[in-house]
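As you go down the protein sequences, you meet chains A and B in turn. My numbering applies: residue 18 is where the first sequence begins, and numbers increase by one. My numbering applies: residue 132 is where the second sequence begins, and numbers increase by one.
No lab work stands behind these hints: they were computed from the structure. Please read these numbers as outputs of a predicted model, since none were measured by experiment. Just to be clear, a hint being listed does not mean it is correct.
With a straight-line cut-off of 35 Å between C-alpha atoms, the simulated DSBU-like cross-links for lysine-lysine are [to be verified]:
#1 B/Lys615 to A/Lys183
#2 A/Lys150 to A/Lys72
#3 A/Lys176 to B/Lys627
#4 A/Lys73 to B/Lys169
#5 B/Lys615 to B/Lys516
#6 A/Lys73 to B/Lys552
#7 A/Lys86 to A/Lys183
#8 B/Lys638 to A/Lys128
#9 B/Lys638 to A/Lys183
#10 B/Lys712 to B/Lys165
#11 A/Lys128 to B/Lys552
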Amino acid sequence: MNASLPTVSVPRSLSRREAIQQILAVTALASTLNLRGFAAELNPPGIGFDPNLLKKEIPWPRLLTDAEKRTVTALCDLIIPADEFGPAASAVGVPDFIDEWVSAPYEQQVKDRAIIRTGIVWLEREAQTRFGKGFADSAGAQQSEILEAIVTEGTDARKQGRAFFKLMRDRVAGGYYTTREGWAAIGYTGNVPLVDFPGPPPEALAHAGLA
Amino acid sequence: MAFLSTSKTRAERYDAVVIGSGAAGGMAAYVLAKAGAKVLMLEAGRNYDPGSETPMFQSQADAPLRGVSTPEKPNGFYDATIGGWTVPGEPYVVQNDGASWAEGTVQNRLKTGQNFMWWRARMLGGRTNHYGRVHLRMGPRDFKPRSTDGLGFDWPISYEDVAPWYDKVDEFTGLYGSVENLPNDPDSPHFQPPPTPRAYELLLQRGGKKLGIPVIASRMAILTKPLPGRAPCFYATPCGRGCSIKANFQSTTVLIPPAIETGNLDIITDAMAREVTIDAQGRATGVHFIDKQTGKEEHVAARAVILGASACESGRILLNSRSARFPQGLGNGSGHLGRWLTDSTGSNLGGQIPALENMPLHNEDGTSSMHLYAPFSEAQARTAKAMGAPRGYYMAWGGGRQMPNMSTATPAQIGEFYGAKLKAEARRYFGTFIDLHARGEMIPNERSFMELDPERKDRWGIPVPRFHFEWSDHEVAQVAHMQKTFVEMIEAAGGKPHNPPPADARKVMTAGGSVNHEIGVTRMSARAEDGVTDSFGKLWDCPNVLVADGGVFVSNPYKNPTNTILALAWRQAEHLLSEMKRGTLAAPA
Ligand SMILES: Cc1cc2nc3c(=O)[nH]c(=O)nc-3n(C[C@H](O)[C@H](O)[C@H](O)COP(=O)(O)OP(=O)(O)OC[C@H]3O[C@@H](n4cnc5c(N)ncnc54)[C@H](O)[C@@H]3O)c2cc1C
Ligand code: SF4
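Build out the structure end to end from the sequences listed, making use of the hints.
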């Protein structure tokens, strides 16, 4: 949608009263736009009210720095490592998704951006304090040590890092399980056209106590 | 050429101008054009083609921000809606905390104190492109609620009057369901076989049995068998995105294409109707509309004007059709225009079912909606009455192994795990969460109505509506009963409810309008002084103007309105055709 005010064309047949009405309408709209921090005037732009649904176009610039992205990537793979169910988060583009997410101009994402950026600074400092190097440069075991501290009741790391890590975990898992690799990892087997819907197979019915 | 590229190429005069292209406008245009009438459809939104625009198989990862809700796409990126709670340049005004007025925003009442929300789709096909496809019939009691329990108002027509039209609609749109012979939830002779229930639904059905709440096949306008030109559902893609194989009902796939084929329908999209014009005798002469492409006001002449812009938009057009003869708006001689606004009540409750953990993998997509549901039972009716809730609701649900979204793997109930443990937990819990919701009947009340805002205009200078809305104690008590029943149902299914029943049901109730069943503002009546239209939707004050949408509803039972809108619109169009043939239509020559 165009954020600028609508152009008012005043065709000849308009009466004076109607012309004034149209002008008033524009004034009313102008005050609306001033009042409401709304998507139509997002800066940078959002996806718009009528995006092409068949195309993924991200109109906003990515905001994470290379250094931030390195920390995010390390976190991604600690949160979702490769295992028998599927690849690690970084192998399916989750770090870039986190960048897409935190760079978005909407209220929720702007909030997340603040938490995640502050969290990254804290995490890097925590690693410096503990190991004398940044988080992304620390060894896997060292990185895990910090994450373990965050999820352990009563630690300082938990007090400082919990909200950030929980948010990061949720966003990374969200980014991961929405990919086709993530579908396989969680056990989602749909999105395939069927002639008939068979319903639960006998082993599922038995499992649920319905047999 | 059905789609007029500019409003200039329209004919001098039409038999009928139809405003809106959703359920109401689509049906009116279809029936009239099929019968040979020359019809012009005005649609405020843009042209929309489900065949080429529907993202059928796309994953959330194929969408910006994994398809989550944003202010511009409030039901998510893939939702087949252009519009939503906010339409740029088209504000509306609602009561804020009962005292002040505010522009309606995307936020829910639960956050802002706003008591009404208004969802509008600006596109060919309107809200039928994405709606839930729940197609229920109103029952005999739903047409005569006042005679049944002394509350609300009776319709001037009965179930028997509408039943043949339900039959025609059902045969044409297609729907699935099961024959149950329930007293107030009539079956359809055209039910197609319902899809097999999912495991969690079978648990709910078994649980319902223990509570005396029958859980039966849902009734959805989704094909499980082919109809001419339409494929059956292939159980893979969410209906809310629309359906490019035409397996569900959508005005743009089912009504508008055959109407266009007749050669009798012209359509102007991006055409915002502003008011109905009137001659000196008080008969409608046509419609003033704004061509959004040029910003210019245009007029089209017609023998009859059919309003199918959705209840509150049609109400707004009538309120804006002020003239020396009708200073309070067209059809408002009785003072009922804009009054008796209702929506369905709604609330929900989530839960988790341990028996479904680590389930053997299988595909639970199905028709993307519930395969079973629970109409209001006699057992519920008794206990609800005792709690002060005279009217009913149905229960439905979502859950199971659906396409993962941003929050699927990390619901609040699972721990703070990460790494291999998180992956194992995500797999274990996948598909074990259910969410029960209910849609209930609201009794029309004096405090819920729409009017024009005294100051606000939209970007074309058209006065915008202002909404007053209050639930009465009846609805609050009903939601308290819903919540209690959700807890019982989830527990009876072997699950753990996320919350106990709330102390104050108001806290978990939807805001008015947010269930999208807002209707009633141009109600029909047996006598001119009691309503806006007669039993065919013709304005008492101006019979060549007809309301085809849910504005004419007299009650708002727990039966989603679209099936009834379609049936009444068909019935109305046939009535109009017969009047046109007989020459009794009060239109200018
Ligand atoms: C998320 C959701 C789920 C739903 N689920 C169900 C369900 O399961 N079952 C059910 O029965 N109902 C459901 N509904 C409600 C259903 O969508 C409506 O009852 C139905 O679409 C109403 O049809 P209508 O033709 O009156 O209005 P709409 O479908 O809204 O169509 C109105 C059309 O008129 C156009 N218009 C408006 N004003 C003007 C104007 N001034 N000039 C020109 N054109 C105008 C609009 O742009 C729109 O295209 C749901 C709604 C939503 C939003
Ligand atoms: S679930 Fe079936 S009807 Fe709905 S969109 Fe998919 S294929 Fe179409």
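Against the structure, the hints:
This hinted pair checks out: B/Lys615 and A/Lys183 have alpha carbons roughly 32 Å apart, not beyond 35 Å. Between A/Lys150 and A/Lys72 the alpha-carbon distance is near 41 Å, which puts this suggested pair outside the 35 Å criterion. Of the supplied pair hints, the one linking A/Lys176 and B/Lys627 holds, its CA atoms being roughly 30 Å apart against a limit of 35 Å. For a cut-off of 35 Å, the pair hint linking A/Lys73 to B/Lys169 is broken: about 41 Å separates their Cα positions.
A distance of roughly 14 Å separates the Cα atoms of B/Lys615 and B/Lys516; the hinted pair therefore holds under the 35 Å criterion. Restraint check for A/Lys73 and B/Lys552: the C-alpha separation of about 32 Å stays at or below 35 Å, so the hint holds. Restraint check for A/Lys86 and A/Lys183: satisfied, since their Cα atoms lie roughly 18 Å apart, inside the 35 Å limit. For a cut-off of 35 Å, the pair hint linking B/Lys638 to A/Lys128 stands: about 26 Å separates their Cα positions.
For the suggested pair B/Lys638 and A/Lys183, the alpha carbons sit about 27 Å apart, so the restraint of at most 35 Å is met. A distance of roughly 15 Å separates the Cα atoms of B/Lys712 and B/Lys165; the hinted pair therefore holds under the 35 Å criterion. The straight-line distance between the Cα atoms of A/Lys128 and B/Lys552 is roughly 28 Å, inside the 35 Å bound, and the hint therefore holds.
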